[in-house]
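2 protein chains.
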Amino acid sequence: MDPMPDAAQIDAFTAFAETLADAAARASLAYFRREIVVSDKGAGVFDPVTQADTEAESAIRALITATYPDHGILGEEGGHANRDSPYCWVIDPIDGTRAYIAGIPLWTTLIALSFEGRPLIGLIDQPYLGERFFGRPGGSWLTTRGGKQALAARDTGTLKDAIFSTTSPDLFESVREQRILSALTAATRLTRYGCDAYAYALIAAGRIDLVVETGLKPWDVQALIPVLQGAGGVIANFDGEPVMEGGSIVAAANEPLLQATLELIDKIG
Amino acid sequence: MDPMPDAAQIDAFTAFAETLADAAARASLAYFRREIVVSDKGAGVFDPVTQADTEAESAIRALITATYPDHGILGEEGGHANRDSPYCWVIDPIDGTRAYIAGIPLWTTLIALSFEGRPLIGLIDQPYLGERFFGRPGGSWLTTRGGKQALAARDTGTLKDAIFSTTSPDLFESVREQRILSALTAATRLTRYGCDAYAYALIAAGRIDLVVETGLKPWDVQALIPVLQGAGGVIANFDGEPVMEGGSIVAAANEPLLQATLELIDKIG
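Chains A and B, in that order, are what the protein sequence lines are.
Mapped onto this note's numbering, the consecutive letters of the first sequence carry residue numbers 11 to 279.
Mapped onto this note's numbering, the consecutive letters of the second sequence carry residue numbers 11 to 279.
Pulled out of the complex, with its shape left as it was, chain A reads as follows (with noise of 0.2 Å):
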């Protein structure tokens, strides 16, 4: 069995972090609001694959691979390398494809860390905002054109006083996700769509309190498990259960928040 990485070790793979998204980062603004190749993946839904995207994966993977060999490597576009390392580094270079594609500046480049199986660190990025909301053991903390900042999750620990984010309600298919929708906006004092993993830095950064989103994958879910975490907020499946997998998920500035959202789930059956 690998040892715990230390200290040391953690700084140096949140500054490797930080070279990560300084690389995504010129790829993805290169392409920002200029006219870009989409391919449909999926058969008959919309799936946007822009050139940013391939080309920012591609950069990541080859400072990964350089960097530290034998690491695990997993993301949308390149599949899953070094699956028996402890380490995995988990991407995805645009988050909220469909922002990027309509120009609206709320797409994320999303990096995590994981050893043996459990978060490790997070970054979430926004570069066309000079915005970087990082998370490890012992704290989450923002960086901007400004400075830095620690990051904290606010204390609201009821669904009237909660304002509620998911990024559409397209999100929410069967019948018993519709109900759930429906149970949470009439819940909540107010709910905001349209910002897909920025929401979860907004929970983090104290502003957002509540999201819930289903069919989420492992790389739009992994770099926000510390970044929650380290600001004292929560993250869970819709049955209270770890989402390193992703899935249908519930994310919470609180304990007492997550938990109250769970019973409304619970009720709708």
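Bear in mind the hints are in silico, worked out from the structure with no lab data behind them.
Please read all numbers here as calculations on a predicted model, not as lab measurements.
The beta-carbon is built from N, C-alpha and C at its ideal position, and this holds for glycine as well.
One thing to keep in mind: the hints can contain errors.
[Unchecked claim] If you only want the chain A side, here are some residues facing chain B, beta carbon under 8 Å, derived: (1) Ala40; (2) Arg43; (3) Pro147; (4) Gln159; (5) Ala162; (6) Ile173; (7) Arg217.
With chain A fixed as given, assemble chain B onto it according to the hints.
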């Protein structure tokens, strides 16, 4: 009857609109992502009014009164002044108050000047992004931290190729409106929620093709018209009529797309 303003006057009004936007930005940025006071104006409806909104509108009104004391002013917070003037400044210091409260940098400051009931100049400002969209007879442009660029809407002529945006499905309340929203999301290439007035600016910028919304007020819509029209875009209500007073509106990148959307709405009955 007052003479039409000449080019020099329009230049002066445009420069003054920038002064107004700068004043609004000082108030809006001072409170953005800080704990703010929220009051409910409506009964049972969440209608946030922030301190920033009030301070920004006061600052704008004071500047207009000092510089153009005879001009009309219409704003959400302070009502309608100098109704008999041929000129009217129509202002919404913070369009997208829900985005503002949730810490999402897509709210905007809207400033319009009309002459004898027709739109003359429009400004859509997002000071956190450093993006300011202008429109007036003869053209539209965007200024950013990087410079100034002309705006041009796209030639996307069919719904199936169009990127569609609307702020929230909750804008579509009646059964008819819900059917219109379903038809639009099914007919278009991609749907994106959560943009408020910023979506209209992105039509002018050639990134989004279509926005359909209901329940807009004069101060929600008047600044958008010159920005859209100066970039080749079009805007009308569900009956194809002008929208100075707001209501249920369609904004499109070009006339064929507007007509296709009005036909879709008309078929819903």
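Checked hints:
{"no.": "1", "hint": "Ala40", "in the structure": "violated (14 Å)"}
{"no.": "2", "hint": "Arg43", "in the structure": "holds (6 Å)"}
{"no.": "3", "hint": "Pro147", "in the structure": "violated (25 Å)"}
{"no.": "4", "hint": "Gln159", "in the structure": "violated (10 Å)"}
{"no.": "5", "hint": "Ala162", "in the structure": "violated (12 Å)"}
{"no.": "6", "hint": "Ile173", "in the structure": "holds (5 Å)"}
{"no.": "7", "hint": "Arg217", "in the structure": "holds (3 Å)"}
Hints 1, 3, 4, 5, counting from the list given before, are not met by this structure.
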